[in-house]
Amino acid sequence: MSERDRCNGMKVCVCVKHVPDPNLSPQVDLRTRRLLRDPAHSILDPADEYGIETALRLIEQHGGEVVAVSMGPPEAEDALRRAMAMGADRAILVSDSALAGSDVLSTARVLAEVIRPERPDLVICATESTDAYTGLLPGALAALLDLPQLTFARSVSVQGSIVTVQRATETGHQVVQASLPALVTVTASVGEPRYPSFKRLMAAKRRAIEQYTLAMLGLDPSAVGEAGAREMVLDLSEVRQVKQGRRVVDDGDGSAVEDILAFLHAIQVL
Amino acid sequence: MAEARVWVWTEIQGDTPHPLSLELFAAARTLGRAEAIVFGPAAAAALDRIAAHGARTIFHASNPIYAHYLVDPQVATLCHLIEAERPQSLLFPSTPTARDVLSRLVGQLGRGAIANAVAVEEDEDGRLVASVPFGHDALATVTIQGPPPYLLQLRPKAYAAEIVGGTAEIRTVDVPVSEESCRVRVVETVEQSIAGPSLEEADVIVAGGRGLGRPENFHIIEELASALGAAVGASRAVVDAGWVPYSYQVGQTGRTVKPKLYIACGISGAIQHVAGMRGSRYVLAINSDPDAPIFELADLGVVGDALKIVPKLTERIISR
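Residue numbers (my numbering), protein chains in the order written: chain A, 22 to 291; chain B, 8 to 327.
The hints are simulated quantities; they were obtained by calculation from the structure and are not laboratory data. All C-beta atoms, glycine included, are put in the ideal place defined by N, C-alpha and C. The reader is advised that the hints may include incorrect statements.
Said to hold, decoys possible - Pairs of lysine-lysine, DSSO-like flavour, derived with a Cα cap of 27 Å:
no.: 1; chain 1: B; residue 1: LYS265; chain 2: A; residue 2: LYS264
no.: 2; chain 1: B; residue 1: LYS164; chain 2: B; residue 2: LYS267
no.: 3; chain 1: B; residue 1: LYS164; chain 2: A; residue 2: LYS264
Unchecked claim - Listed next, with one range per pair, are the computed distances between beta-carbon atoms:
no.: 4; chain 1: A; residue 1: GLN265; chain 2: B; residue 2: GLU198; range: 38 to 46 Å
no.: 5; chain 1: A; residue 1: GLY181; chain 2: B; residue 2: GLY117; range: 33 to 41 Å
no.: 6; chain 1: B; residue 1: VAL171; chain 2: A; residue 2: PRO138; range: 24 to 32 Å
no.: 7; chain 1: B; residue 1: SER185; chain 2: A; residue 2: GLY239; range: 25 to 33 Å
Build the full structure now, drawing on both the sequences and the hints.
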């Protein structure tokens, strides 16, 4: 493993994202061709809570520090405060108007710039964000940081300088291992995220968030954001389909079973 | 001008090419000359099958080391091949391994990529243009700017696998694998067996979601499926919660299914899930929440408790 001294425990960076509340219908801005991101209805991506939880459990076991890292508008502070209320020690936000419309590679480059000097033992990401769900960011980030990537983790453990992950596959799972430092993506199987107490939520409101702009990171604004995006949306069309199906209300005792049987006969499944 | 070369990331599952990879040759053939990239050991019969789906060249990196170490060795070799062969585009299926490789390539090559595409074509300007579901119910037309190769991941069932016959030139890839790239070691592989027909092949699917309350209740889904000779599916919520394995998952990041009948029990119908089952011919939804979005897709929507209704339904079907 690395030359770094891990006497003081591990440093874990967790990438988090402020996303539109997934319990509400996502709205698309037809003019900008982007997802509408209403800060009042945005939250810490629920998928990222599993990453924070994983990091906190590792630190509870091995000691060390959890750093939540995000790129987003100033309102993304809310997501970072939630991460701190859960237990993250520090929070870093990269915010710059030139970053709006950033594609996966630009986002990965920005995150790599802030994470690299932290020299973490472990970087944790969600398998995919709940709003864009491309799942391409973690691998791109791992490549830029030159870290091995252990993905789709159902469990994560660290022993000495080795990280072991149970990786979900299509037909079961694999146990995979790498030396630290490494990047891991987690699924919701890693364990239920803790719910911060009211006291912790209030305390997190007063915590400082480390702020970065593109200039502070030495990144060229024309290489990121919409200006530098390699993917371009040419057109958007609505494809909403609502079936006018039949609706029955069960009487609480299974009365609807007759309606279901009639339906199954009508479509010749029975 | 030479025909554009379109590479398909072709995974081998057991002894056969992965069905999701085979579907992509149908897309690749519309874009140019379809060629396959195969890593790890593969039987001659598997290579023949890839050729039969329209691959005219198969690049086969047969070193078993690719089966023992994940991502980095494949990406290193792929970068080497791209540099030497200069393909126009690379198509990846929606599998976990393909996503790992594609995402790392994005960082390694410094390129853009389109994920979750449901269709791809070349427009009149020679650009690669893909259709990607966006938000709740919009479809975006997206292109990638900059020089090739263009990286694209397609959703399952976006194209139908098609046997077109033919043979392929097999090119053995013997790029040395550096020790530094062997970083993510596979210690153990565990397969979970699944009873009944596969989700992709089943005429009827019975799927369960969070509305079932507890993992112990999931058996009512399996029993109804067994009575109907149906396959069992699940929403991401219950897969993530560990009730059933990932292979059950229907949705954006799971399987895309197109059965004759889809029975959704205790599934609210999050976009994530709907993306994987909206192609079903008939939908029966049972949910206690009258406002659940799944009812928008249902031919028959039953507002009620799946825990009460499903066992009774199973009983009636069995006693017929």
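Structure-based check of each hint:
This hinted pair checks out: LYS265 of chain B and LYS264 of chain A have alpha carbons roughly 16 Å apart, not beyond 27 Å. A hinted pair counts as satisfied when its Cα atoms are at most 27 Å apart, and LYS164 of chain B with LYS267 of chain B qualifies at roughly 15 Å. In summary, the hint linking LYS164 of chain B to LYS264 of chain A is supported, as the alpha carbons are separated by about 22 Å, within the 27 Å threshold. Distance hint check: the CB atoms of GLN265 of chain A and GLU198 of chain B are about 43 Å apart, consistent with the given range 38 to 46 Å.
Between GLY181 of chain A and GLY117 of chain B the beta carbon distance is about 34 Å. The supplied range of 33 to 41 Å therefore holds. For the pair VAL171 of chain B and PRO138 of chain A, the supplied restraint of 24 to 32 Å is violated, since their beta-carbon distance comes to about 53 Å. Against the hinted window of 25 to 33 Å, the Cβ-Cβ separation of SER185 of chain B and GLY239 of chain A comes to about 31 Å, which satisfies the hint.
In summary, the one numbered hint that this structure violates is 6.
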